[in-house]
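Asker: Listed below are the residues making up each chain.
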Amino acid sequence: MSKIRRIGLIVEDISDYESIRILIKRITNKDKLKFKKSIAHGCGKIKRKASGWAVDLHRRGCNMLILVHDLDRNILLKLREDLENELSSSPLEYNFVCIPIEEIEAWFLSDPEGIKTTFSLKRKPKVKGYPETISSPKEKLEDYVYSCSEKSKRYINTKHNSLLSEKLSLTKMKSKCPSFNALHVFVSAHTY
Amino acid sequence: MIKLKEVEIVNYRSCFKTKLELHDNLTTLIGINGVGKSNIMNSLQLLKQCLKSRRHYRDDSVDLQNTRLDLRIQLEDSIVILRSDIYYETDERNFDYVNFARIQFRYDGGNPRKWTKIHLGFYDYIRRPSENNRLIKKKYQTKRARTSFQILQLISNISYYSATQFADPTRCPISIELEDFRLSRRYRGNRFHEIFIFDLYRTFILNQKTFELFLNTVNQNGIQLIDDFNFNVHKIPSSSYKVKSGGQIEKIEKHKKIIIPSVVVDGLTLSPNQLSEGTFKSLALAFYILIDDSKLLLIEEPEVCVHHGLLDSIIELIKSQSRRKQIIISTHSDYVLDKLSPENIILVNKNKSKGTKAKKLTKAMSINDFQALKEYLGKSGNLGEYWIESGFEDE
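Just so you know, the sequences run in chain order A and B.
For the first sequence, counting from 1, position 118 maps to 108 in the working numbering; every step adds exactly one.
If you count the second sequence from 1, you need to add 89 to reach the working numbering.
Hints are computed from structural coordinates only; laboratory data are not their basis.
One thing to keep in mind: the hints can contain errors.
Derived lysine-lysine pairs resembling BS3-like cross-links, with alpha carbons at most 27 Å apart [unchecked claim]:
no. : chain 1 : residue 1 : chain 2 : residue 2
1   : A       : K114      : B       : K298
2   : A       : K24       : A       : K39
3   : A       : K141      : B       : K345
4   : A       : K164      : A       : K27
5   : B       : K384      : B       : K408
6   : A       : K27       : B       : K298
7   : A       : K130      : B       : K439
8   : A       : K130      : B       : K452
9   : A       : K130      : A       : K20
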C-alpha cells in the first residue's frame, strides 16, 4: 500500500471542506497532511464534475480522493452507486465516497457535551436518539445553540463547523454515526 | 405566526397591477435591472408609512399619487384580505410620504362586500404600546378588533435594508448626540448611518442580551468581522431659561448625552467611519437581520460589496432567520441563488403595456421545464448557474 502524499477532497461547500480536512487530520494524527479541494457550491455539480475533478486532483499531486455528498432527501444506495460510478474512471489510487446522513451536522450532534464546551453554552443540549435519525440536523443544531446560550449565540455553519470539527469527540461520532465511522475506517487504513 | 401570503400592487410606479405570491419563509426576487423589484419592496414599505399619516381624506387628496395594495394575510386563526388605498407624495430624494390612507379588511371566504375599516385608535396602540394599553384592550375585544390589531402589528413591523443605504461609511458620524434618549433633531430624517449607530446604542443600553447576540455573531465567535464594539458616553450639561408671569426667570437644567461608538478590529480601536464599506454594510445587515424584531424584513441586494466567503455566512444568517420571520430579498447574484431552492424564487419582469409582473418560478416554468430543472439540480449543477446559462423562461 502506497503512502498517501496528498488528499483530494470533492465537497459541496467550503465549510464541509474545512470540517473534513480537520477531521482527517485528527483521525490520522498528522497535522501536516496536504490537501487539495474541488468545491461544488451545491450537490448537483458534484455528479457532473466529479470525474473531471478527480483527474484534476490527480494532476495536482493527490493519490487519495474523498468525495463527500450529503444524503439530504436521496436514497442512500442509489446515491452511492451513482457517485461510485462517477469515480469509476478516477486515476487516483484510493477513492472513497462519504455520505453523511442527512448532513455533516448530524455527526456533531453525537457530542452534546462538546457542543456545550465549544460554544460556552449555559446548558448541555438534550439530543434525543441517534444523530443520523434526526431530521434537518443543521436546523436542530442551530436551535440548540440559540436556546442553550439563552438566546445570546447563533450557530452559523460556515464559521462554526470547523470549530466543532476541532473540538468534538471522534469516539462519540464514530460510535453514533455509521457514515462517520466508515470515513474513519477508510482513512485509518492507510499510511501517511 | 402571521404570514403575508399574497400581494397585489395597483398603480405604484412600474407596478400597474402586479400580483405576487410569497413563500412563508424566504422569498427571492430576481430579474434584470429596471423591471420593478425595488418598486415591489418600496410599495410594501408604503404600508408602514400609513401608520405615520394622521391626515384625513380631503378633496385635494385626489391630486396626490394613489396606490392600492391588496394583501392576503394568514393570521393565527383566519385568513384576511387587507385593502389599503394610499395617497402619497414623493420627494426629490425619491422617498414616499403618505398623506392619507384608508385601510380595511375582510375575512377570506366571507361577504366580499363587508369590509371593516381599521380604527385609528389601534394606530396609537401600536405607536405607544405603554399608553392606553389596558383601555384599548378592554374596549376592543371582538374578533374583528383582534384582527385589526394583528394586522397593524404586521404592518408596523415591516423593515427594510438596502446596501445602498449604508454606502460610504465615511458618512457615518463619529459621535451622536441624544436628548432624552432620542436623536437630536439634526440627526433625524433618512440618515441611515446615524440611525444605525443609534439603533445599536439603544440595543446596547436596553437589551444587553440581544446586543450580546449581535456581538457574538459578528466577532471572533461568529463571522469574524470585528473583535468588539463599544460605546463611550459623555454627559454634557445643557440649560435653558423660561420666563414666568411676573418676570421671574426659571433656569431649566438638562443634560445631553454624547455617544461615541468605537469598533475594535485586529486590536485597533477605530471609529465606524474608518471601517471598509463591505465591513460596515455587513455589520449593518447582520444587525438588522438578527436584532430587528420585524415580522416582515425586506432586503435589497445583500451581496453588494461582500466577499463570497462572508456572503456564504450572510446567506446562512438570512436563511436561518427566515424560520423566525418572513424575509423578502432581491438579488442579481447567481452565487446567492446557488444557496437557495427553486421554491424560494420569484421571477420579475416588465413589459410596456402591463408593467411589472412577478411569478413564482414553480409556476413560471412548464411542468416539463421545472422537472428538467429539478433533475439538473440533482445531477448536474446549481440554480444560479442554470439561471445564467439556460434561463428560466421561454423566449
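Asker: Under the criterion that the straight-line Cα-Cα distance not exceed 27 Å, is the pair K24/A, K39/A satisfied?
Answerer: It holds: about 22 Å lies between the C-alpha atoms, which stays within 27 Å.
Asker: Is K130/A within 27 Å of K20/A, Cα to Cα?
Answerer: Distance ~32 Å between K130/A and K20/A Cα, so the pair is violated.
Asker: For the pair supplied as a hint, K130/A and K439/B, confirm whether the alpha-carbon distance does not exceed 27 Å.
Answerer: violated, 41 Å
Asker: For the pair we were handed, K141/A and K345/B, check the Cα-Cα distance against 27 Å.
Answerer: violated, 33 Å
Asker: Does the structure keep K164/A and K27/A at a Cα separation of 27 Å or less?
Answerer: Cα-Cα ~24 Å, so holds.
Asker: Is the Cα-Cα distance between K384/B and K408/B 27 Å or less?
Answerer: holds, 15 Å
Asker: K130/A and K452/B: Cα distance at most 27 Å?
Answerer: violated, 31 Å
Asker: Is the straight-line distance between the alpha-carbon of K114/A and that of K298/B 27 Å or less?
Answerer: Given that 27 Å is the threshold and the Cα spacing comes to 19 Å, the pair holds.
Asker: Taken at face value, is the distance from the CA of K298/B to the CA of K27/A at most 27 Å?
Answerer: violated, 39 Å
Against the hints set out earlier in the document, violations occur for numbers 3, 6, 7, 8, 9.
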